[in-house]
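Participant: Residue numbers (the working numbering), protein chains in the order written: chain A, -10 to 209; chain B, 23 to 434.
Don't read these hints as lab results, they were simulated from the structure. Check the hints yourself; a few may be wrong.
What the hints assert, rightly or not - List time: in silico DSS-like cross-link candidates among lysine-lysine, alpha-carbon distance up to 30 Å:
(1) 40(A) <-> 257(B)
(2) 40(A) <-> 430(B)
(3) -9(A) <-> 430(B)
(4) 136(A) <-> 430(B)
(5) 40(A) <-> 28(B)
(6) 432(B) <-> -9(A)
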Amino acid sequence: MKIVNLKKSYQNKIVLKDITLSIEAGECVGILGSNGSGKSTLLSTLAGVQKADGGTFLWEDTDLFHNEALRTSLIGYVPQGNPLLEELTAWDNLRLWYDKAALNRELDEGVLAMLGITEFIKVPVRKMSGGMKKRLSIGCAVSGSPKVLLMDEATAALDLVCKERIYNYLREFKAKGGRILLATHDVQELALCDKWYILKEGVLQPYQYDGNVSRLVGRL
Amino acid sequence: MAKCGKYICAQLKRVLKVFPTIIVTTLLLLLSMALLMWVVFEKNNSSEKKQMVQIGLTGDLEGSYLGIGIQTIQNLDSSKFAISFVDMTEEEAKEQLMQGKISAYVIVPDGFVESVTSGENLPITYVTSTGATGVGSMVMNELVDTISKLVVESQNAIYGTQSFMLENGMRDIYWDATDELYLRIVNFILGRTQVYELETLGVAENLSFIGYYVCGILVLFLLLWGIVCSPLFVKRSEALPKLLKARGQGACSQVLGEYVAYVALMLGTLLFIFILLAVAIPIAGVSPAEWEGEGISRLFLFLLQMIPVTMLISAMQFLIYEVVHGMVGSVFTQFLLALSMGYLSGCFYPISFFPQSIQALSGWLPSGAAVQYAGKCLRSVSASGECLIMAGYWICFLALAVTVRRHKIKNT
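Let the hints inform the model, and build the full structure from the sequences given.
Facilitator: This is the structure we're talking about:
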């Protein structure tokens, strides 16, 4: 999977300048950057929420910017916030994204079971904790077995137990050959990644994360 | 299409979750409205007696002719429910007039009847107060003026006839002719049992009073119902539209799904209210004149005819919730808009009470067109003009809602 010369601007402000990167199968890439640096814009543009001003998003030889059907089947996008209907139960929310048979299968032994959603399947979203909501959000986003996961600060403000559950799922996803692009501020999430990039003033620069947070902060 | 269908189903489930709460709110509101109306009607009925114009009678009331006259006025069908005469002294009358207990009093001078028969014409004094500014008092003042003129002119005619007879040697028939003239005048005045004819015009294009308010209150109800449904809109996730878009479901499909569910909720609530009306109308025995002689099926036909109005107002409210953020802001906007549009569309006072310019503007407002459309449906006449205006607004509101949603998906 390759992103080549991706450009995006809002009115006169350039947010993404010729972004180029590639992600191999089973690889997790972390995008670091201060608030407002354009991490969310990069992910939402790749997910098809916003239109790119230029560049290509290649899957093998197909430009996913021009093939919506393929893009929606390949990509699972976890936006910031929870894409959930507060009045409905976890089951009702998942039914929006899954067929009944597929949902039962995933709850029994699939990704939803791994995320522990089965435990609160009948609970209305408004009564759920932050961790439950985030796990359910990921569960909704990964319907249709995507090959690429775009995660926008997916574990922000979650407790350690919940984070660990999500990390376990991400490790499993990687192990099965999935590709992950993470926008994050979280040091624990950085440890999951195989490659790191810093997004600053619209430019993507490679970075070698070695666990030294002070050095990282200095670069941001 | 299947995705859109799934989204509509999910939104309908949401609506079903809040429907019981909305029905309870509707019921409470209807009960308080019914109670208020009952209090108003009861107050009107009990104060009917107090609304009679009380006139004090003072002075020389001994003459039998005067007694007959007063008795006649008090027993005439056209005046016995409007005027009441009370005998009293002049001091009592003055005091009661100042206290507002009577509208006016009449001072009959000593020897009044004799003066009339001899042609001397002593004036009766009619005393009223500047504080008595009610419609009843104004009408009485006018009535006194008219009767004075009528009596004086009639007397002039009789005295002229008498002079004519004396000057032309008709002394032998003088008294008989005078008596006959007086009798004719009395017969002429008292014989006019139907002195006036009261005709009440419809408040708008011949729509009955109750009919007009059925339409007005219905539209106002729909306008205000946007506030009750606020939890559906203000608790929406900002991330969901993005995920839907990433899954190939754009702004148009999202707005359609949410709007269909919202219209279903509004129609469900409206159906509930019409069922209550179907039960209440036969018990209360009050219904618009337009439905007289027609069964309860007419009520439900009217409900079906209200679907376009519901769709229009729902679209307007949907747009407001799409544009304005936050609970307080959106509820406040809905409330202000409902009140101002309701007022300008004649939901509070009949639109015919307003100046021509406002009447013209009202017809072009979405709610104004809705009230007029409902009125025409009630009278079973064609409302194609109003339908066109409503359809135009409906398309505009939904198109704007889609544009705003598209903007939100890209920029939040």
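Participant: Hints broken by the structure, by number, lowest first?
Facilitator: As far as the earlier hints go, not one is violated by this structure.
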